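Asks: Model the full assembly from the supplied sequences, consistent with the hints where possible.
Heads up: the protein sequence lines correspond to chains A and B, in order. FYI, the numbering for the first sequence is 1 to 380, going by the working numbering. FYI, the numbering for the second sequence is 1 to 380, going by the working numbering.
Hints should not be assumed to be uniformly reliable.
Note: identical chains are not told apart, hence a pair may lie in one copy or across any two.
[What the hints assert, rightly or not] Here are the simulated lysine to any residue pairs, SDA-like style, with alpha carbons at most 25 Å apart:
no.	residue 1	residue 2
1	Lys348	Ala380
2	Lys270	Glu314
3	Lys16	Arg302
4	Lys16	Lys148
5	Lys69	Thr249
6	Lys16	Asp66
7	Lys243	Glu26
None of these hints come from the bench; they were simulated from the model. Treat the numbers as computed from the prediction; the structure is a model and nothing was measured.
Number of protein chains: 2
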Amino acid sequence: MNIRDRVAVVGVGCSKFGEHYDRSLEDLVVEAAFEAYRDARIEPARIEAAWVGTLESGYSGTALADPLKLYDIPITRVENYCASGMDAFRNACMAVAAGMYECVLVLGFEKLRDSGRRGLGTFGTHPVVGYGTTAPSLFAMAANRYFKTYGVTKDALAKVAVKNHHNGTMSPKAHFQMEVSEEQVLAAPLICSPLGLFDCCPTTDGAAAAIVCRTDVARSIRPDPILVKGLGLAVTSGEPYLKPGFAYTGFPATRRAAESAYEQAGVTPKDLDLAEVHDCFTITEILNYEDLGLCAPGEGWRYVAEGRASIGGEVPVNPSGGLKSFGHPIGATGVRMIYEVCQQLWHKAGARQVKDAEIGLAHNLGGPGAVGCVTVLANA
Amino acid sequence: MNIRDRVAVVGVGCSKFGEHYDRSLEDLVVEAAFEAYRDARIEPARIEAAWVGTLESGYSGTALADPLKLYDIPITRVENYCASGMDAFRNACMAVAAGMYECVLVLGFEKLRDSGRRGLGTFGTHPVVGYGTTAPSLFAMAANRYFKTYGVTKDALAKVAVKNHHNGTMSPKAHFQMEVSEEQVLAAPLICSPLGLFDCCPTTDGAAAAIVCRTDVARSIRPDPILVKGLGLAVTSGEPYLKPGFAYTGFPATRRAAESAYEQAGVTPKDLDLAEVHDCFTITEILNYEDLGLCAPGEGWRYVAEGRASIGGEVPVNPSGGLKSFGHPIGATGVRMIYEVCQQLWHKAGARQVKDAEIGLAHNLGGPGAVGCVTVLANA
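Replies: Spelled out as structure tokens, the structure:
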């Protein structure tokens with residue numbers, strides 16, 4: 001069975017992403033949630049239950065009841081590494097599809113800049129990190145293997161950074177609005193060879209929200225709800241990087257989650273009008289193209305180099321600017337992607353609008369590399 | 001809408017609870033999960049998705065894929081303070097009721113004794129704890145207010161400890177198998193006046209598991225699945241103890257969650273044959289009687305003193321021994337309660353069996369005091 005068309009999004013919100021030393025987590029959450037309420041033209045009292053996604057901001061759902069005025073209802077925190085926000089969305093959709101609630105709120109948030117946390121450098125007790133590795137080093141291994149397998153070089157990665165920073169200049173809520181040139185990317189300080197500063201997403205504070213309803217209720221709230229077509233989640237193993245069989249040139253978790261989401265949605269990658277994917281590092285976006293089936297294995301570097309991932313290209317990827325430019329407040333990211341896909345499907349994305357967008361995909365990778373989460377959304 | 005009868009439990013498992021310095025969290029999880037597989041007579045490959053509940057054992061679901069051989073399927077971690085395990089169960093039930101999966105696994109676990117964690121003393125960043133208070137001090141305030149309001153003394157609390165330790169002697173997996181006398185309870189060292197050592201639950205390691213199926217599938221697995229009748233969760237506020245309106249003589253979160261679960265189940269407290277409730281402290285159990293409607297406000301102390309909460313009484317409460325005697329590995333507790341209710345409804349509870357048990361309730365309180373979670377289960 002699947003989720004197809006039984007649940008819809010009626011409103012989304014997103015805080016400005018960036019370094020918010022002067023604002024609390026509650027400030028960011030309120031900004032995102034109340035934008036979503038306004039977008040849906042509903043009152044907070046309409047919300048019957050909520051799900052919050054955060055990796056390590058230390059909040060259970062309880063602390064949200066007060067700032068959001070959500071009293072006496074169920075609030076559940078979901079944690080699933082970098083897919084925390086999208087998995088919160090998935091659980092909310094299933095609860096609505098179960099008929100338990102008509103209208104619920106999903107929130108993703110993280111405050112990384114003044115919490116003593118270091119974003120992708122701190123995966124808590126994940127066993128891979130327990131051995132002393134950090135996210136840049138793990139994805140650097142993937143980049144080096146990709147280079148060796150397919151005979152490409154750092155130039156291939158730089159094209160992702162250039163594209164996503166360009167898209168970010170058209171994204172008013174993105175952490176960065178700043179073009180970068182291929183030369184700048186290649187000349188940037190190395191973080192972990194071959195990944196330089198511009199190959200890595202930043203450490204960002206932010207929150208994003210979505211309001212999810214039963215489809216018949218959604219249609220009574222607005223004429224153009226966004227239908228949830230597929231929800232895929234796969235955990236392939238706790239330690240992909242430690243497995244002898246791990247190829248380093250892609251993530252089985254993404255492939256499995258995408259397969260599930262495509263099957264539920266009844267679509268193929270060819271049907272997508274845009275995709276928001278997990279570009280925690282530039283190499284990750286290239287691997288994502290291949291894992292999501294936008295192109296064949298080994299062709300990801302060409303996919304971006306030939307402009308097929310640009311706005312106006314075959315399937316535009318990360319028109320928002322992606323994690324690279326929009327930022328990556330871990331628990332917020334999955335919901336922020338859903339925010340962007342909805343903006344695109346509602347044709348409200350301004351300068352970064354993908355023409356005639358009707359079907360969009362959002363993708364998180366977490367855990368590191370063990371968790372793939374894919375959501376397919378479409379116009380009603 | 002509600003969950004009633006659409007989802008059922010087909011197998012449960014529980015590790016020995018206690019101080020497991022010699023066993024890893026994975027050891028405990030495997031013990032609980034494989035007991036549940038055996039109980040349901042299914043292979044792990046039958047599981048299509050999993051939910052794990054843990055407060056702060058630092059594990060996302062990913063780290064469970066390997067020990068449990070659950071590859072390529074969705075695994076979601078739910079955190080909701082002391083209700084983490086029961087809320088994981090709730091989300092699993094809703095996903096099954098949504099038709100997304102036929103057969104899923106729920107796991108609750110926590111390793112408190114050699115993790116540097118101090119159980120109820122560490123609520124992470126909960127705002128109440130941020131002000132320097134700990135769980136014993138919060139519940140001590142409730143006890144003192146209860147004493148003042150209803151004119152009772154510490155003897156009232158001691159009766160809960162005596163009952164639950166007695167029940168624990170019949171619970172082979174409980175942390176403690178040890179009778180205590182009212183004199184011993186009253187003479188024990190003070191933790192936070194009026195709560196003494198035997199008024200507080202211990203700090204325990206453990207894991208518990210449940211296998212949840214669509215009801216038609218459940219009936220094909222075993223002739224006697226346990227039906228999920230009601231799932232209530234309520235978050236009343238992030239900081240009940242800081243609210244001017246907080247009465248200290250009960251928890252609105254429990255009342256609201258129970259109201260929701262009873263309504264879904266179509267039962268009243270009178271219909272219950274037993275209840276597993278959140279006796280993190282002896283005073284909490286007395287307040288739970290009142291909040292769950294087993295007796296009127298102010299009558300909870302009588303309910304235990306008159307033996308109405310004992311096995312053989314009106315509605316036996318915590319026949320397992322409760323958190324007090326079975327232990328309280330935070331994320332495990334909610335699932336452990338479901339384990340106990342199922343044992344009772346299957347009439348497999350040995351010396352602690354409640355005669356003719358047909359309908360049972362499980363209740364968690366968390367957050368501290370902000371989160372109430374109530375599950376009603378019944379024989380098919």
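Asks: If a hint holds in the structure, say so; if it doesn't, say that too.
Replies: Taking the hints in turn, this is what the structure says about them:
1. Lys348 to Ala380: Close inside one copy (16 Å), not across copies (51 Å); limit 25 Å.
2. Lys270 to Glu314: Within one copy only: 9 Å inside a chain, 64 Å across chains, cut-off 25 Å.
3. Lys16 to Arg302: neither (33 Å within a copy, 56 Å between copies)
4. Lys16 to Lys148: So Lys16 and Lys148 fail the 25 Å test inside a copy (39 Å) and across (50 Å) alike.
5. Lys69 to Thr249: Cα proximity of Lys69 and Thr249: across copies only (24 Å, versus 46 Å in one copy).
6. Lys16 to Asp66: within (21 Å within a copy, 39 Å between copies)
7. Lys243 to Glu26: between (40 Å within a copy, 18 Å between copies)
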